[in-house]
Amino acid sequence: MKKIKKILKKLPITRKIKTIFNYTERHIYDGNKYINVIKYLPKFKTINISNYSNYKKIKYKQIENNYFYYYIDEQVIYNYSKETNVYENFSLDYGIILENSLLELNTKYHDNLATNLFIQECKRIIKTLEGKETIKSNFANMLNGECQTFEEAIQRILFANQIAWQTGHKLIGLGRLDILLEKYYQKDLKDKIITKQKAVTLLQNAFSLLHKNYKFKSSSIAGDTGQVIILGGLTDKDSYFNGDLTSLIMESLVELNLPDPKVVLRVSSKMPLELLECATKCMSKGTGTPLFSNDDVIIPSMINFGYEEKDAYNYSTSACWEVIPLAVASDQNNLENINFIESLNKTLNENINNFDDLLNKYKNNILNQTKEVIGKITNIAYKKDFFMSLFINVDKNTDVVNAKYNNLGVLTVGISNAVNAILNIKKYVYEEKKYTLKEMIENTDEKFLSMLKNDNNKFGNDEEEIICLTNDLMSVCAEYIKEYNSCNDKKIKIGYSSPNYLSKGQTTRASLDGRKDFEPFNVHISCSKPIPYTELLNFASKLDYSGPIINGNVVDFSVTPDMINNNIKKFTTLFSSSIKKGVYQLQVNVVSSDTLIKAKKDPTLFPNLIVRVWGFSAYFNDLTEEYKDLLIERTRNYELAYK
Amino acid sequence: MNLLISNVQRFSLHDGPGIRTTVFFMGCPLRCPWCCNPENLTKEIKKYKDINGEEKVYGKEYTIDELEQLILKDFDYYSDNGGVTYSGGEPLLQLKEGKELLVRMKERGISQCIETSLSVPIELLEPIVDYIDIFYVDLKIMDEKKYEEKLKRAFIYFKNNLDFLHSKNKKICFRVPIVDNFTNNEENLKKVKEYILKYSNEKATVFSVHNMGKIKYQNLNIPYKEFSPIPKEQIEKIEKYLNE
Ligand code: SF4
Chain A
1 MKKIKKILKK LPITRKIKTI FNYTERHIYD GNKYINVIKY LPKFKTINIS
51 NYSNYKKIKY KQIENNYFYY YIDEQVIYNY SKETNVYENF SLDYGIILEN
101 SLLELNTKYH DNLATNLFIQ ECKRIIKTLE GKETIKSNFA NMLNGECQTF
151 EEAIQRILFA NQIAWQTGHK LIGLGRLDIL LEKYYQKDLK DKIITKQKAV
201 TLLQNAFSLL HKNYKFKSSS IAGDTGQVII LGGLTDKDSY FNGDLTSLIM
251 ESLVELNLPD PKVVLRVSSK MPLELLECAT KCMSKGTGTP LFSNDDVIIP
301 SMINFGYEEK DAYNYSTSAC WEVIPLAVAS DQNNLENINF IESLNKTLNE
351 NINNFDDLLN KYKNNILNQT KEVIGKITNI AYKKDFFMSL FINVDKNTDV
401 VNAKYNNLGV LTVGISNAVN AILNIKKYVY EEKKYTLKEM IENTDEKFLS
451 MLKNDNNKFG NDEEEIICLT NDLMSVCAEY IKEYNSCNDK KIKIGYSSPN
501 YLSKGQTTRA SLDGRKDFEP FNVHISCSKP IPYTELLNFA SKLDYSGPII
551 NGNVVDFSVT PDMINNNIKK FTTLFSSSIK KGVYQLQVNV VSSDTLIKAK
601 KDPTLFPNLI VRVWGFSAYF NDLTEEYKDL LIERTRNYEL AYK
Chain B
1001 MNLLISNVQR FSLHDGPGIR TTVFFMGCPL RCPWCCNPEN LTKEIKKYKD
1051 INGEEKVYGK EYTIDELEQL ILKDFDYYSD NGGVTYSGGE PLLQLKEGKE
1101 LLVRMKERGI SQCIETSLSV PIELLEPIVD YIDIFYVDLK IMDEKKYEEK
1151 LKRAFIYFKN NLDFLHSKNK KICFRVPIVD NFTNNEENLK KVKEYILKYS
1201 NEKATVFSVH NMGKIKYQNL NIPYKEFSPI PKEQIEKIEK YLNE
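Protein chains in written order, with the numbering used here: chain A, 1 to 643; chain B, 1001 to 1244.
Some clues are possibly wrong.
[What the hints assert, rightly or not] Here are the computed distance ranges between Cβ atoms for each label pair:
hint	chain 1	residue 1	chain 2	residue 2	range
1	B	GLY1109	A	ASP238	23 to 29 Å
2	A	SER503	B	GLU1055	53 to 59 Å
3	B	VAL1129	A	ASP455	39 to 45 Å
4	A	LEU189	B	VAL1129	55 to 61 Å
5	A	GLU626	B	ASP1130	53 to 59 Å
6	B	GLU1126	A	CYS468	56 to 62 Å
7	A	ASP544	B	ALA1154	58 to 64 Å
8	B	PRO1033	A	PHE606	38 to 44 Å
9	B	GLU1055	A	ASN85	54 to 60 Å
FYI, nobody ran anything at the bench for these hints, they're computed from the structure.
All C-beta atoms, glycine included, are put in the ideal place defined by N, C-alpha and C.
So here's chain A without its partners, still in its complex pose:
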């Protein structure tokens, strides 16, 4: 029982909710048997999502914060309809709530139940706020007037965000915060109602409030909240937005040393080098902020995919990194995964005549899987959603179901393992002829597996053959999707990186890259062997990101704190060069394997140790033991490249 309680304690609340509704998730494995855990869960109040007057079941409590009010009742959950999905996993366009009073919104969108809810809750909160006159007056002004100050702007964003979560939407991003807030910040500076230091205090207070319910907000692992702040970015072909707040937000956040919220910094060769250097310094602190998203590659790719130019320039991301135009799209970017190893293993059971035959049959299987996955996701139905409709397609006053873009996103896992497996087969079966294909498949000898794992040719090497093979395999999916997109309104996107490399690995048998049964797949665009960063970045910059291949393509590597902290300038050069070369996105885990090993042994040693997980950061101590091991191995790999 103790063990189950320990496991339960680590589960994010949304996973606990799934536990209630879903049989398999209601049973947790304690190492010996599956145990029904329902009686160990907290009691939830349920609210019917279609009736917002039920919302009054939430009793607002006083909170300890002198600047803002932000409260989430974690005991409240929603009755989701079983047949339809809820729109989630993107940023709201908070601009609408800064530029309009709630009453104004209510007249503009009289059909929208959400505006009624906003007014009702705003009034209820005002009643709760005893003795907090500034906060109270900010809420009062929210009812009747346009936003006046920096502080009020943040309060409005927090308010909308709170209601988004409380109405059952998950993975809610924070939008382009620097662009949203800059004009209020500058005005307040000019009017002398604020100083830079005060702004930092306000931002840090807001971030702490947003972080507070992180376990409640998490989807799969504690930390997976999707609270992403988008900063910087090209406004047109030649100009890059870099406000005073761009670096200030990043620095204030990093100083707090929290894993969440997190920053996606839109980078470009047009950005000032000082901003990139500031970002590198922030990154070196190891909270996983920022992730770089390269506008120079992404915006042209998005336009080429079919987004209107102005929408592409105004992109934000889903919870991890999948790009999505802000305020006009209800794209659901993370719906299903194509598993490259599943198709490869299927192929290996067929009759193979030679290497070309293997490749052809494999591609055919990838194609079939792609068709199957797309058939599945295009059948998902979505609920009308008056809350989301307020933030998307505002000018058209239509439901989010009819947003300007309603695209769907597919991710991929195992392509790196598949490329490595094919290189091994080519070498040992068809070139050196050391083994037959059958012998390779049946061989489970440790030494043999380690030979497969340690072979020098790997996904991530900047070798022509490997780059071509990778592009070739991805193009099987991409070509089919292109054809599909040419005759469908809901278009499909695909990408190289997926949070599911762990979970999908857990249901996939061994592969000929030396990976054993049910081990995780390699992560995103990374190399399973120690190689120099420049080599990996060269590789990534030569991958094809055209057509539908825009759904997040992240290079992922680790670096030790010493290495990056002693070489900020050189890492800045590394990043600026890779932006010019055409790397799509990049995230860096700043941590040393020594620290991780110590922290795994004795979690009390580093209670606040933060690591980058897939598209988010988390406290190392919140991770499962298995995931801790994986991170340790990955980190050590990069250290070995520089020993």
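Using the hints, position chain B with the ligand against chain A.
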């Protein structure tokens, strides 16, 4: 013309300005007792078995073209004064013959640095001197007799070459390995300081011996003697003394 190289390290951060590719040449005229690159002492390919019992080798022959291609792979990252660094072993033993590489690098405007003991006949230095932007030179044992006794090489090569570089106004950065019983004594450090004052305008870097080469000694079946690393505070103190 082939060059014998033990390793090409991309994205190396400690061998000069910017992001660099460091090429490790095999063969060295000195025998520093604390050497951590035993695979680079002689100019020959060396077979060994690693801890998993797998057969491996130290050393690989490269043509100039191959080396050029490898260095050019990271060309785009050299923007901030980065480039190539020749290290070893003693790169000067092979660079005269590999001069074509230096010519090609210069034509492309790639910065070239060298890490050298300068302990070679001046004929090996003269032909390449104009191609090198920065010389990283070790100041080890500065007493002539002790130098010859411990490092197994006449001191005069070093001295001549250093005077030659000085006369050509080349940029020299000194590096000082601190090893107890060899370099770490007041008298020696005083001499080191005199050299720095006379020959260089750059800050000298000071570093401690380490035992990271141990595994290579084991692989090569050469007896290994452990050295005690010098505490960081002491290194900082010496660095301060040498640069004041
Ligand atoms: S000069 Fe360098 S490579 Fe040669 S013996 Fe001394 S430490 Fe080793």
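Here's how the hints hold up against the structure:
{"no.": "1", "hint": "B/GLY1109 - A/ASP238: 23 to 29 Å", "in the structure": "holds (28 Å)"}
{"no.": "2", "hint": "A/SER503 - B/GLU1055: 53 to 59 Å", "in the structure": "violated (39 Å)"}
{"no.": "3", "hint": "B/VAL1129 - A/ASP455: 39 to 45 Å", "in the structure": "holds (42 Å)"}
{"no.": "4", "hint": "A/LEU189 - B/VAL1129: 55 to 61 Å", "in the structure": "holds (57 Å)"}
{"no.": "5", "hint": "A/GLU626 - B/ASP1130: 53 to 59 Å", "in the structure": "holds (58 Å)"}
{"no.": "6", "hint": "B/GLU1126 - A/CYS468: 56 to 62 Å", "in the structure": "violated (46 Å)"}
{"no.": "7", "hint": "A/ASP544 - B/ALA1154: 58 to 64 Å", "in the structure": "holds (59 Å)"}
{"no.": "8", "hint": "B/PRO1033 - A/PHE606: 38 to 44 Å", "in the structure": "holds (40 Å)"}
{"no.": "9", "hint": "B/GLU1055 - A/ASN85: 54 to 60 Å", "in the structure": "holds (57 Å)"}
Checked against the numbered hints above, the structure violates hints 2, 6; every other hint is satisfied.
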